[in-house]
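**Student:** Top line first, the protein sequences correspond to chains V and C. So in our numbering, spot 409 of the first sequence is number 409, and the numbers just go up one at a time. Each number in our numbering comes from the position in the second sequence (counting from 1) with 445 added on.
Hints listed in this document are in silico derivations from the structure and should not be mistaken for laboratory results. Please note: incorrect hints may appear among the correct ones.
[Claimed, not checked] No more than 20 Å apart at the CA atoms, straight line, and that leaves these computed lysine to any residue pairs for SDA-like:
hint, chain 1, residue 1, chain 2, residue 2
1, V, Lys268, C, Lys625
2, C, Lys713, V, Trp23
3, V, Lys268, C, Glu775
4, C, Lys713, C, Ala488
5, C, Lys713, V, Arg142
6, C, Lys625, V, Glu330
7, C, Lys713, V, Phe344
8, V, Lys268, C, Tyr585
2 protein chains.
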Amino acid sequence: MPDPVPQTSTPERLSADELRVAWPILSAEDRAEGFLLLPRDDAEEFFIELDAHDQSTLLAAIPPYARRFWFRVLAPDDAADVLQEVGPEERAALLAFVDDISRNEISGLLAYAEDDAGGLMSPRFARVRPEATVDEAISYLRRQALSRLETIYYAYALDPHQRLQGVVSFRELFVAPPHKHVADVMRTDVISVPEDMDQEEVARLFAQRDLMALPVLDADGRMKGIVTADDIVDVVEEEATEDIQKLGGMEALDTPYLRTPFLEMVQKRGGWLAALFLGEMLTASAMGFYEHEIARAVVLALFIPLIISSGGNAGSQATTLVIRAMALGEVRPRDWWRVIRREFFSGLVLGIGLSAIGFFRIVVWEHLFHSYGPHYLLVAGTVAFSLIGVVTWGTLAGSMLPFLLRRLGFDPASASAPFVATLVDVSGLVIYFTVAQLVLSGTLL
Amino acid sequence: MPDPVPQTSTPERLSADELRVAWPILSAEDRAEGFLLLPRDDAEEFFIELDAHDQSTLLAAIPPYARRFWFRVLAPDDAADVLQEVGPEERAALLAFVDDISRNEISGLLAYAEDDAGGLMSPRFARVRPEATVDEAISYLRRQALSRLETIYYAYALDPHQRLQGVVSFRELFVAPPHKHVADVMRTDVISVPEDMDQEEVARLFAQRDLMALPVLDADGRMKGIVTADDIVDVVEEEATEDIQKLGGMEALDTPYLRTPFLEMVQKRGGWLAALFLGEMLTASAMGFYEHEIARAVVLALFIPLIISSGGNAGSQATTLVIRAMALGEVRPRDWWRVIRREFFSGLVLGIGLSAIGFFRIVVWEHLFHSYGPHYLLVAGTVAFSLIGVVTWGTLAGSMLPFLLRRLGFDPASASAPFVATLVDVSGLVIYFTVAQLVLSGTLL
């Protein structure tokens, strides 16, 4: 494509790889210009690899003749994703670019929620009749492949009502005697998913079964499309990102970090931060309740951050382990008793370990700096016993909270590290001052 | 397989699905028995879907004749994974079960680190000569498929030295005119990976490029195998699990939660917990430094947990966002300045929000309960200003720590939420008491 205007402020002609690297920092105009200057083959590869958001903004930034061409390059499932990104008028304008068959396919896909099996699937799969011979099937597929197939890894045998009868991999088809019928070589115990299955569940099935593709069926058993492993790689990453962000104590961002608008990001963080802050205010109330004890023995205040944060850290470990194991299906709701036993003993062992370190630290500091007064051994004992209690309790709370949230119908991943820490902070103070009253009564208190 | 012994204490004959559900709670013997009672076809599917660890323990629990049969069922990459799980004598015994060609393939794979591209790949890919015609290639592949192909999604054109010349998808091969040469229809700009590329990088390439398979080359450009998308689904899940566990403030477990031995798990958690505890001890020192201020104005102590935890929570959000964005390649080391700017303003806005809530809370409590004495407005001001400082600082620290760790050659994911919280706790105390001295000097202090 010749460029009539001498280039001054625009980027020089970049290779596809250079453009890929520069992409995140380029303006929409520079992106469009760099893209249009790519050789046709590179441009096609480049375009297909972009995510739906970048595809839609790029389409908006290039001239109409190019927009028509590039929208038609997209497979129907990708085209549907692009249409999800744009407004209704632009959607109609883009849909007008494609032929009737594709428009039907794309519109059909738009009806699905983006994170359902239906929203992931491609309607272009290889279909054969069970009555066909292997040879007929192969040569039919060879003609089908000409036009519009997403994958030819498996061929699906459908009855006249589009109901799935069996599946045969190309490999199996290739090795089968040519005169046999598809029905003789296909497997009939097909693993399939309903069109409204959540993508997280679909992904788990892929991970457990090591599959390359899964058929998607509607409520009547009619085959609507296939989901392929390459799409699932994206889903697994997306879902992990969501869980990680929730575990960090915020709402999941729906877009990459640097592309999320500032206000949206602050909102998604601010909501949880404020909620945690309100919860954490209970610590001020708890501390107020023990104000007299603190006034009489200021030394007690010194260890407050140490003790409550140890409980929070232990709880963070436990909740993280349990939430991830739940997401992977390694731990199921009915495993709660196994988990509680395991975590109780973990917490106890970890608490005893920390309490030993804490006791040692106070005794050593006293001998080095005389920091904690004549009753330093009692102070050390208070800290040590509190640590055992707080760490055990933090571990238990962190491991049980995801079960509880799930039971109440919430996302277990909301039991974020900060959430557990906040919970444990308040109860940790109560544990600490209760132990202090027991140990120090008559001496410091 | 007939069962000569009447069943008493062992499970009844289970279906494959029932066995799958019961699997985690069965003993090795019950697993072996349930497995051997499955119909042959179901058993094969069941066995192949097990992970390497379960495959190796199952092989150890079944009689030798069955062990021989089932080990030979495994593809070479899966067989290599099983051998990684067992001791040297058992490894030799298992290797003796397979034919020479397979033994060579499996031994070749054992040389690779498990988390390299080489450790993921299968040596059984479809190879063609560039000089062959499309028709020759198709019928050759049809014969190859008979024996030992992992996937027939792409065919790879190799020269006589096994160097990769190009790639052609089966779909492209099918649609090409039969008399053309493979060299005419293949693509020569093949995306490939070196055999020692880390699996995390390989996974990122799959996610970015939406591929079904990638060829793996050695240093001389010779093709050694292919990595397929179904294996990558597992890798992405594994890597996300590792990052999530590190973010929770512990070493990553290498095995599923419920299968990790108790002591190993306690060790992996205890190490970080102790390190964090040692760091958190600095809070006791910092508090000791301000002991006189606390003694003079006990009211100050009441807000310590609230203030430091707010900094920790804000830092946890920031570090989580940045670490995940780094893992996905959305944020690169050179983006640090964009991130710092963004996080500074996020922290400031969030801090101002929390400080408004905090100020309001203290004023309302004073009017309701007269909790904070005559200088309550100054106390509220101290808390409010400290919150702005602590939250802004926590956010900045949380976002920069992953960059710093990466720069120093550590894993950015070690900048876990608890790690950042510990860092911010100490500095948060300093900020709080400095603000207190400035605001309350002459009144409470």
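**Student:** It remains to establish, for every hint, whether it holds in the given structure.
**Tutor:** The hints, checked one at a time:
1. For the proposed pair Lys268 (chain V) and Lys625 (chain C), the alpha carbon gap of about 57 Å is over 20 Å, so the pair is violated.
2. Under the criterion of a C-alpha separation no larger than 20 Å, the hint pairing Lys713 (chain C) with Trp23 (chain V) is inconsistent with the structure, at around 40 Å.
3. Using a Cα cut-off of 20 Å, the hinted pair Lys268 (chain V) and Glu775 (chain C) holds, with the two alpha carbons roughly 19 Å apart.
4. Only pairs whose Cα atoms come within 20 Å are accepted, and Lys713 (chain C) paired with Ala488 (chain C) is rejected, the gap being roughly 36 Å.
5. Between Lys713 (chain C) and Arg142 (chain V) the alpha-carbon distance is near 55 Å, which puts this suggested pair outside the 20 Å criterion.
6. Distance check on the hinted pair: Lys625 (chain C) and Glu330 (chain V) sit about 51 Å apart at the alpha-carbon level, beyond 20 Å; violated.
7. Between Lys713 (chain C) and Phe344 (chain V), the direct Cα distance comes to roughly 16 Å. Compliance with the 20 Å bound is thereby established for this hinted pair.
8. Straight-line distance between C-alpha atoms of Lys268 (chain V) and Tyr585 (chain C) comes to about 57 Å, which puts the hinted pair past the 20 Å bound.
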